[in-house]
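Enquirer: Those protein sequences? They're chains Z and P, same order as listed. Each residue of the first sequence is one higher than the one before, starting from 762 at the first, in the working numbering. Each residue of the second sequence is one higher than the one before, starting from 2 at the first, in the working numbering.
None of these hints come from the bench; they were simulated from the model. Glycine is no exception: its CB is placed at the ideal position from the N, C-alpha and C atoms. Any given hint might turn out to be false.
Pair ranges (Cβ atoms, derived) [said to hold, decoys possible]: (1) P:Thr353 with Z:Ala849: 45 to 55 Å; (2) Z:Lys892 with P:Thr353: 54 to 64 Å; (3) P:Glu424 with Z:Thr818: 55 to 65 Å; (4) Z:Arg1107 with P:Thr172: 39 to 49 Å; (5) P:Lys162 with Z:Ser1163: 55 to 65 Å; (6) P:Glu424 with Z:Ser1163: 52 to 62 Å; (7) P:Asn386 with Z:Thr818: 24 to 34 Å; (8) P:Thr67 with Z:Ala849: 41 to 51 Å.
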Amino acid sequence: MSTTTELEPTHVTDPVAGLDHEAFAGVLEQTASALIKSKKQEAFNDYATQTAPTHQTEEWRRTDPALFPFDSVKRLPNMTRTNTLPEAEWDNHFDVVVAVTDKHYAIMDRTGITRDGAITVMALDEAAEKKPDLVKTYLQGQALPTTSGKYEAFNDAFWNFGLLIHVPDGCVLEKGILIRYTMEAPDALFIPRLVVAAGKNSSALIAEHLVSADNTKFLAVPEREMYVDEAARVKLVSLQEWGNDACQISNDWGLVARDANLNWITLNFGSKVSKMKFGSDVAGPGSAADMDGIFFASGEQHMDQRTLQIHSSADTYSRLLYKGAVKDAAHSVYQGLIIARPGAIRVDAYQTNNNLVLNPGARADSIPGLLIDADDLKCSHGSTLGNLDPEQLFYLQSRGLSEQAARRILIMGFFEEVVERIPYAFIQDRVHQHIDKKMG
Amino acid sequence: MNEDTSTAILDDYKYGFFTEIEADSAPKGLNEDIIRFISAKKKEPEWMLEWRLKAYRWWLKKSEPTWPHLKYPKIDYQNICYFSAPKTNVANPGELDPEIASTFERLGVPLHERDRLAGVAVDAVFDSVSVITTHREMLKEKGIIFCSISEAIQEYPDLVKKYLGTVVPYTDNYFASLNSAVFTDGSFCYIPKGVRCPVELSTYFRINALDTGQFERTLIVAEDSAYVSYLEGCTAPMRKQSQLHAAVVELVALDNAEIKYATVQNWYAGDKEGNGGIYNFVTKRGHCRGARSKISWTQVEAGAAITWKYPGVILEGDGSVGEFYSVAVTTNKMQADTGTKMIHIGNNTKSTIVSKGISAGESVNSYRGLVQVLPGARNARNHSNCDSMLIGTKCSANTFPYIESENESSVIEHEATTSRVSEDQIFYLKSRGLDEEDAISMIVNGFAREVFKQLPLEFSVEAVRLLEMKLEGSIG
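Next up, chain Z with everything else stripped away, as it sits in the complex (with noise of 0.2 Å):
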């Protein structure tokens, strides 16, 4: 969190794509709300006295910073209210449509759910004004377990698209939400935040689809928050299918109540290079996390995914799995943690990182860690890397399979674990459409 200074600063260490306190009075321009600004200003002055990570920052060892498109990529204005935006294949299946693009965004509500007021589907500056209880509350960053690092700080200055959803006391959000970010222009830097709130006993169902368009430069720096309160039910799809010259910089955080329970699955195929965080805290006693993943880095793709499971109570649950497969010259990097802090104990926790490694020339590193600072606990992480079994592909082909379909078998096999926990059938299809044109 960042310290209130009176003082502006003017110099910026470090700065992310050249957006320095100039450029922040403009963005402070663009924005209407004066609580939004002095959160603004806040996250700026702790963003200008951050230093960037280089290489040689442990996180930061795998993916060069440099890789990242910093200084051809400009930061798209604020996005502008429009009342509809052209629909899409999935959006009958979704209570709520947040469509974004490039220029504006669109919250089309199909069921009349957000009618009486109760939920909340609004972008960040207009609930800013209309319910700035619910703002001030979740605009805290006290999903974030430490002190927030320079790109959190950059996206609390500067994001572009900030939009809350928050679903009260023992309300049930059956269809879902679908947030749609379509992106097309060039050059562009997008820098979306999410702030997901479900109140006590309440169930939310969320979806996010993230695409842009194909050989266009792009960087997207989002953060998601979500808080899930006493007993809630938060379940999270992020389909990210950027194009092939996109970036991404992630930094996702979720913080898990008393007897509540959160569930976050990333299906990663798309951009260049990307270098996403994934943190959970199970913070109430009996709450459970859980998070599952599938990537498949083919090509000259870099994914780079960092999942932090912390347990700050006892009584605990997590589990993780990580399912990838790396392919052509493909660089897919895991790097996993579960913390159990002092006094957590009863606590079980899990991770499981699985890596196929599909030819010569692609690579895959794997990091699980367990840091463990309480004695009463279970904890355990697995990790294996390897291709495909040779005995099963002959087992196959011996009963009369191709060595293609053989193949296809194994690798959907891998990762069918995963996808039967997606919770949209649409989705499931998607993500064995994207195994097979990646399998080619």
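Given chain Z's structure and the hints, the job is docking chain P onto it.
Expert: The following block gives chain P in isolation, referenced to the frame of chain Z:
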């Protein structure tokens, strides 16, 4: 030290006594003159001094690594004495000083030829120099060279020149380059082609003098089809001040050779409040240079206030095998950051890692390992298993494995668990009439068994006893 305090201390750490002996020491501090002084004391040839100075100049440009999960006060490298040798026996030159002999006697290290039955040839290192090496004649008949490294530099310069620094170059890391600049003594073993070493070779390191760092360097070379089993033990007196120990061990195995290297490390670990103890910063690495060669590390880490140690194997020869078996016990305020590195370069290389961490008291016990498969290594295979056991509510156990695969034909598996001593198991054993302490000791021994069975029998028994002694009183 008066009678009362010394006995009080001995209860805790039976190797904590201090031997009063006249010593020949270098002044405190580190500069090029000190290095020249050490080199002159050791009557080293010019090339050795040059190498030391190169290492020192490189060290000056580097800074201490900050990535380990360790917290300790900054080390003042100028406040350490880099050379301390017990004065030679004036009455009978050429013979071992009786004071030193009795020290090793008290430590249970056999230094006399009559102890041939013990089946171990020993090189005993007291502070900065090797005081005696046993069974040399018998080994010489087989063509085996086993002597102190200082002696080897003078007598077998070609062999030393050929292998020294080829596994751990002086540019390897901060502590290895410090060692390269100021190393004082250690052992040198050379097993010629086709020879199977008939006894266990062993080095016993003893830090005695105050404010002295021990920087030993060990080099073991096994020629084609040779075999050697080597054991290392270490202790130090108890002191309020911390002492630095930065060793380098290099192993080279050529075609079909096998080296087994076992360590039972029991440096003084500091008192209950965490005062004193040895800072153990060690670089150990084996190089399977030849085809089908094998290097196996077994370590029982029971002492030292701070441990920073990653014995690794570079698997270069096709079909070579690397093994790492480790039990690390931390109690009170000890901190250990230890593990291994397996670098697969050759085809069909295999590595096995079994690490058992036991943390009690307020200690911090971390496993840190790297398994790397380079692009050219076809069919590499690794299996790692890292288990941690927690005893008490204030200790922590961490696991940081790094796995990097650049070859699709490799198969790598890693599994790790952390849990506390199971209440059910304790209850069961208690219901069979064991008291809690014995029950826990039995469970812990079972937990570490997989590693202990890799040790030669006598050491295995000793390791079990050491573990029991360490954990005594930390349960409840």
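Enquirer: Compare the structure with each hint and give your call.
Expert: Evaluated hints:
1. P:Thr353 with Z:Ala849: 45 to 55 Å: At 52 Å between Cβs, range holds.
2. Z:Lys892 with P:Thr353: 54 to 64 Å: holds (59 Å)
3. P:Glu424 with Z:Thr818: 55 to 65 Å: violated (42 Å)
4. Z:Arg1107 with P:Thr172: 39 to 49 Å: Holds, at about 48 Å.
5. P:Lys162 with Z:Ser1163: 55 to 65 Å: holds (59 Å)
6. P:Glu424 with Z:Ser1163: 52 to 62 Å: For P:Glu424 and Z:Ser1163 the Cβ distance comes to about 54 Å; the hint holds.
7. P:Asn386 with Z:Thr818: 24 to 34 Å: Hint holds: Cβ distance 30 Å, inside 24 to 34 Å.
8. P:Thr67 with Z:Ala849: 41 to 51 Å: holds (49 Å)
Hint 3 from the list above is the single one not met by this structure.
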